Amino acid sequence: MSTIEKITQLSHRIFNTSVTEQNVARTSNPFAASNFQKNILTEDVFESSKGNHDAGNISFTGRLSAGSKRIYSTFVGSLGNIGNRISEGIESVVAFCGKVRDSFVNTWNKIQELGNKEVTLDGTMEVLGRDIKTFFHGGNTREKEIAKMAAMDPRGEVAPMLTDGIAALEAEFTKAA
Amino acid sequence: MMDRTTIKNSKNFTRVADIIESLTINPNPDSVGVLEEIGTNSSIDEVRELTSKALVKRNEHDSLSVVITNKGKGINDLSTVVAMSTINELLSLENKEVAMGILENTISGEFEEEVKENARSVKALMALS
Numbered sequence: 001m002s003t004i005e006k007i008t009q010l011s012h013r014i015f016n017t018s019v020t021e022q023n024v025a026r027t028s029n030p031f032a033a034s035n036f037q038k039n040i041l042t043e044d045v046f047e048s049s050k051g052n053h054d055a056g057n058i059s060f061t062g063r064l065s066a067g068s069k070r071i072y073s074t075f076v077g078s079l080g081n082i083g084n085r086i087s088e089g090i091e092s093v094v095a096f097c098g099k100v101r102d103s104f105v106n107t108w109n110k111i112q113e114l115g116n117k118e119v120t121l122d123g124t125m126e127v128l129g130r131d132i133k134t135f136f137h138g139g140n141t142r143e144k145e146i147a148k149m150a151a152m153d154p155r156g157e158v159a160p161m162l163t164d165g166i167a168a169l170e171a172e173f174t175k176a177a
Numbered sequence: 001m002m003d004r005t006t007i008k009n010s011k012n013f014t015r016v017a018d019i020i021e022s023l024t025i026n027p028n029p030d031s032v033g034v035l036e037e038i039g040t041n042s043s044i045d046e047v048r049e050l051t052s053k054a055l056v057k058r059n060e061h062d063s064l065s066v067v068i069t070n071k072g073k074g075i076n077d078l079s080t081v082v083a084m085s086t087i088n089e090l091l092s093l094e095n096k097e098v099a100m101g102i103l104e105n106t107i108s109g110e111f112e113e114e115v116k117e118n119a120r121s122v123k124a125l126m127a128l129s
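In order, the protein sequence lines correspond to chains V and Z. Number 9 in our numbering belongs to position 9 of the first sequence; there are no gaps in the numbering. Number 121 in our numbering belongs to position 121 of the second sequence; there are no gaps in the numbering.
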């Protein structure tokens with residue numbers, strides 16, 4: 001084949017797209033024609049494979065099964081109505097938070113019932129499992145401590161505490177200077 | 001040297017502030033002695049400031065005497081911040097009767113001229129407030 005014939009064939013392939021398109025398998029994918037190398041992308045292209053190389057890192061895409069993903073979708077969906085609840089002002093803040101917590105706990109229990117063992121949210125569960133009222137009593141701890149010290153003997157009990165406190169502050173102060 | 005904000009963000013400072021606060025509300029009169037002996041002699045301005053304010057808040061004869069008649073303490077402190085904070089606390093008192101009595105006694109008593117002068121100035125301010 002002469003050089004001129006080769007160039008003619010090549011230009012024909014470049015400018016006549018209908019010829020190459022015949023080789024593209026048509027499917028329901030609307031983006032099929034624009035795929036690289038004319039191959040249909042059957043896998044999730046947004047799924048990162050980077051996490052799979054590092055076994056120490058948590059990968060929500062690499063290690064979880066499809067069933068798990070569905071369960072988490074359900075879980076996220078269960079929290080999806082928060083904004084409307086607040087704006088409607090149907091419930092008090094405390095009652096609302098209690099319901100959010102209950103919703104979370106129920107969803108978690110459901111996940112456990114389904115036998116899903118892939119996620120550990122122990123720390124989160126500990127916080128969310130607490131009585132919601134405990135979140136509002138935390139600020140009183142300091143006041144309680146002050147009231148407790150106010151009932152002590154100033155010379156016998158409080159004076160040594162004050163001396164130690166000031167000594168610690170002065171040590172910190174000197175160290176930082 | 002640490003700036004005031006850094007010190008006040010310290011956990012140790014919070015602890016000291018809590019102890020001083022407890023001595024402010026402690027009904028035992030020995031609290032005044034503890035504040036005077038330990039708090040007003042601290043090398044840290046912020047601790048002396050807290051202590052002076054606590055003594056004023058108690059609004060008792062003994063506690064107010066410490067911050068009005070002692071050279072180098074309360075309104076006579078070498079630190080302007082401590083002295084001004086103490087004066088501000090005195091001006092904020094709802095019942096100024098006891099403080100005014102001590103200021104008058106200081107002005108007419110046997111004290112150093114510097115202490116008497118400060119007492120005169122504070123009394124004038126309190127009379128206006």
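Hints listed in this document are in silico derivations from the structure and should not be mistaken for laboratory results. Remember, predicted model here, so these are calculated numbers, not experimental data. Positions of the beta carbon are idealized from the N, C-alpha and C atoms, including for glycine. Just so you know, not all the hints are guaranteed correct.
The calculated PhoX-like cross-link candidates involving lysine-lysine, where the alpha carbons are at most 25 Å apart (straight line), are [unchecked claim]:
#1 Lys144(V) / Lys71(Z)
#2 Lys148(V) / Lys57(Z)
#3 Lys57(Z) / Lys8(Z)
#4 Lys148(V) / Lys11(Z)
#5 Lys175(V) / Lys96(Z)
#6 Lys116(Z) / Lys57(Z)
#7 Lys11(Z) / Lys144(V)
#8 Lys71(Z) / Lys175(V)
#9 Lys71(Z) / Lys116(Z)
#10 Lys96(Z) / Lys8(Z)
#11 Lys148(V) / Lys116(Z)
#12 Lys57(Z) / Lys71(Z)
#13 Lys71(Z) / Lys11(Z)
#14 Lys96(Z) / Lys123(Z)
#15 Lys71(Z) / Lys96(Z)
#16 Lys8(Z) / Lys144(V)
#17 Lys99(V) / Lys110(V)
#18 Lys116(Z) / Lys96(Z)
#19 Lys11(Z) / Lys57(Z)
#20 Lys96(Z) / Lys57(Z)
Not close to chain V: a few residues of chain Z, all C-beta gaps over 12 Å, as computed [what the hints assert, rightly or not]:
#21 Arg15
#22 Leu91
#23 Ser129
Pulled a few chain V residues facing chain Z out of the computed Cβ check, cut under 7 Å [stated by the list, open to error]:
#24 Ala95
#25 Val100
#26 Ser103
#27 Val105
#28 Ile146
#29 Met149
#30 Ala150
#31 Pro154
#32 Arg155
#33 Glu157
#34 Ala159
#35 Gly165
#36 Ile166
#37 Leu169
Which of the listed hints are broken here?
1, 5, 8, 10, 11, 13, 21, 24, 25, 26, 27, 33
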